Amino acid sequence: MHLHFLDPYQPRLSLVHAADARLKLALTLAFILTTSLTPFGAWPIYIFLLALILAVEILSSLGVGYVLKRSLLALPFVLAALPLPFTVEGHELFSVSLGGWTLTASAEGLTRLVSVALKSWFSVQAAIVLAASTQFPDLLAGMRALGVPRLLVAMFGLTWRYLFVLVDEALRLMRARAARSGTAAGRNTRSGGSVVWRARLTGGMVGNLFLRAFERADRIYVAMLSRGYDGEVRTLPSPPMSKSQRLVLGMGLFSLVLLLLLGLLFWG
Amino acid sequence: MLYAPQPMHIPDGFLSTLVSIVLWVLSAVSVAYALRRVSQDLGERQVPLMGVLAAAIFAGQMLNFTVAGGTSGHLMGAALATILLGPWAALIVMTTVVGIQAVIFQDGGLLALGANIFNMGVIGVAVSHFVYTSIQKLARSAKWGIFVGGFVAAWMSIVVSALAVALQLALSGTSPANIAVPAMGGIHMLIGLGEGLITLGALAFLYAARRDLLHSGEAAPKGNVAVWVGGLVFALLLAVLSPLASAHPDGLEWVAEQKGFLDAAQEPLYHIIPDYVFPGISNEALATIVAGLLGTLMVFGVALGVAYLRRERTAGR
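Chains A and B, in that order, are what the protein sequence lines are.
This note's numbering puts the first residue of the first sequence at 1, with every later residue one more than the last.
This note's numbering puts the first residue of the second sequence at 1001, with every later residue one more than the last.
In case anyone wonders, no lab produced these hints; they're calculated from the structure.
Careful, some of the hints might be misleading.
Unchecked claim - Just the calculated beta-carbon pair ranges, DEER-fashion:
{"hint": "1", "chain 1": "B", "residue 1": "Ala1239", "chain 2": "A", "residue 2": "Ala55", "range": "42 to 50 Å"}
{"hint": "2", "chain 1": "B", "residue 1": "Gly1186", "chain 2": "A", "residue 2": "Ile47", "range": "32 to 40 Å"}
{"hint": "3", "chain 1": "A", "residue 1": "Ser97", "chain 2": "B", "residue 2": "Arg1036", "range": "56 to 64 Å"}
No experiment lies behind these values; they were computed from the predicted model shown.
For every residue, glycine included, the Cβ atom is placed at its ideal position computed from N, Cα and C.
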């Protein structure tokens, strides 16, 4: 497989990397679902969830720092939840007056904001570990095993296969644009033309990229046809999961369900 | 930055479990139907084409232009895909793009993937299709129909998807409607302009270089009426619901609280099942009103669709 700067897969020799993709996919989804179902403010459960995901990160020898750095990606979305302390009613924490407007922050709202942010952070870490420790073709086999339709999995595979080719194509287009654009010295010079003009030219380049994609798709189809493609996508059946992998799956699911039940019992 | 995350992709944790699962089911049904349509109506030739175009949308998102203050605009692609491939194939392409963004780049969550597919795929494609075909009919296949249709379809698809995101956040109790709706709507009315201009530029280029491609999306017109009506309903519903939700102080949340939906939406699934027969329809009067409203809109849409099909036939003669 083509190695590319966009590919998040990090080759390592670790237990997590060696684990079956089906196992990892199922456990990641179960972890995210558990995190989502855990009630707001169930702090001890949150600590357990964090401990769980940190343990997997250490086991995967990806480095906690790598995962934490990438997990900042989801941070800007917390903006959407920021008004929560002021809109949820409950025990008053403090109030701010802005002109004639008084904003009252509530403990319940703050709890919910922190909970939403933490849940989002845990979930994104799980997804990062999955993507960084599993090669995409294995992930595709995992999706197939979990019942994603064959045609959709084939689409994922094709898109992934040609993603890097087309990204390289896009980079060539950008390099050509840069080579033909004049820039004055100094860093903060204005880009040429109006915004509307620039947007439309970018559109033209996107159109060019699409045209190349159309032409490439024709060639790919003909090549596939020449090798006997008949519209059906066939894959080798995956071998059954080993006993130890099934044991890990069972234990993982069991501990997640246990955490969830505890959370619902005491904080639900 | 080569890969810029967009504010449209909802990460995990921001939607309540119930909202996530309902949207997962809706998306799964739509995508499953689209898959059937594509394998029935379109040839096997379409499979590599869709895959490569999904990759092209991805790569096309890297082609950006500077706007101001370090921000830049780039493509979402639902409108362009719909115009080039027709709605069913476009839905599959968008599902693939959004799916890979979530699985590989963590741009949008996995549990929230159903919602993201629904917003950018189902709503984006349906609204684009509705706007583009309507404007083209109005233009009576004049050249400006393609360009104006493409621009407005791209703008509308972004704005309506953004309103859907805001309403879902409000329904999950994560972001109050009277803040989320104007904020998301306002920002995306601007972002939508960028999308519209890029789509316009792409269409202008393709019109000059390969005019035949602009008509290939009309290959499978059967059943597209349903998409057209769907686009109309999404656009209308969100256009009506969003101002209502934001004008009323805490509008949506208030309604939700009154009807016990908020509790349902925030509690785990199995808590609801003993208490309610069906979430949200615990109040019979509400259920009737909702059904009536939906029914009226559907009938209106179907009537419009039939009228428009007849016009198309008479115009063809």
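For each hint, the structure was consulted:
1. Ala1239(B) - Ala55(A): 42 to 50 Å: Since the Cβ atoms of Ala1239(B) and Ala55(A) sit about 48 Å apart, the hinted range of 42 to 50 Å holds.
2. Gly1186(B) - Ile47(A): 32 to 40 Å: holds (39 Å)
3. Ser97(A) - Arg1036(B): 56 to 64 Å: Since Ser97(A) and Arg1036(B) have Cβ atoms about 59 Å apart, the given range 56 to 64 Å holds.
Of the numbered hints given earlier, the model fails none.
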